[in-house]
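Chains as they are written, first to last, in my numbering: chain D, 1 to 168; chain G, 1 to 168.
These are calculated hints, taken from the structure and not from any lab test.
Mixed in with the good hints there might be a few duds.
The list treats identical chains as one, so a pair stands whether inside a single copy or across any two.
Once the Cα atoms are required to be at most 25 Å apart in a straight line, the calculated SDA-like pairs of lysine to any residue come out as [to be verified]: (1) Lys139 x Gly28; (2) Lys139 x Phe73; (3) Lys95 x Ile54; (4) Lys139 x Ile41; (5) Lys95 x Lys126; (6) Lys139 x Met1; (7) Lys51 x Val11; (8) Lys51 x Ser123; (9) Lys30 x Asp138.
Please read all numbers here as calculations on a predicted model, not as lab measurements.
So the chains spell out like this:
Number of protein chains: 2
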Amino acid sequence: MKTILFLVHEVYEDLELWYPKIRLEEAGYKTIVAGAEANAIYSGKHGYPCKAEISFDQIQEERIDGIVIPGGFAPDKLRRVPKVLEVIKQAHEKKKLIAFICHAGWVPISAKILKGKNVTGTSAIKDDLENAGAIWHDKPSVTDGNLVSSRTPLDLPAFCKAMLENLQ
Amino acid sequence: MKTILFLVHEVYEDLELWYPKIRLEEAGYKTIVAGAEANAIYSGKHGYPCKAEISFDQIQEERIDGIVIPGGFAPDKLRRVPKVLEVIKQAHEKKKLIAFICHAGWVPISAKILKGKNVTGTSAIKDDLENAGAIWHDKPSVTDGNLVSSRTPLDLPAFCKAMLENLQ
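Just need the whole structure built from these sequences, with the hints factored in.
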């Protein structure tokens, strides 16, 4: 059974974490949520609570098969965590799924893995994505190798379809 | 394209509405959300906003192919609305999908369609379901003809799988 890592922090976008998480579980994947502190509860932008099952320090990159990064304001925190960036870099080198939606593109920007890559994300961070060398597209989902990205919660159906195809 | 109706009211359980809604859209269904007032925004138990696209009065039973009732405390309000109960009764007579999760079982109880039916729901309303003549099971999802039910948000993967099978 493949294991997909979710990264959480304060003010994550509630549905951008929970929809992909439950959807992957429905499709038979194991999910694990990592946050700054194990067992801490993080609040979504709209208040939905999410418990971190493990801390960032406890992430073992070799034991995961893909990473999902939800949007909201959480990515602004996540991109500052060296362990988070290191895990993303390692997973990317092994061509494991890295999926990011909305503002989550900030995190792969800081992991420096987007140069020359086709991506999407909320129009608010289009400049940041392009300044990092990515090619931004105005589409519900964009796949470039192991990278899957979407713009907003309205794209969640397309985001999950693309993610599931990528994992097969 | 089949259309599935969602019923919303204040303090609906956020994921129990949004997960099935996005999941059905991903699978190619049209969804429509009805609330007491068209264009009003209802707050989930955890704060996620949901706009009612139409009012209960605007529901046309002949134009829908199934109904999903999320839990939370909203079902306590929904069960008092004669139009809601009438639509459920009509849809049930035509064997259209009626899916309910957690506390949502209160609504089909008040629509008086559960006598002799196999169902589940949060253990908190087990007595109410049994007193209405239903047979309660402690399972992630229970299907009895056109009725699909689940216990809690943790059952959402099973709830949606059962719902999608039922719609095929």
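Index of numbered hints that the structure contradicts, given in increasing order: 4
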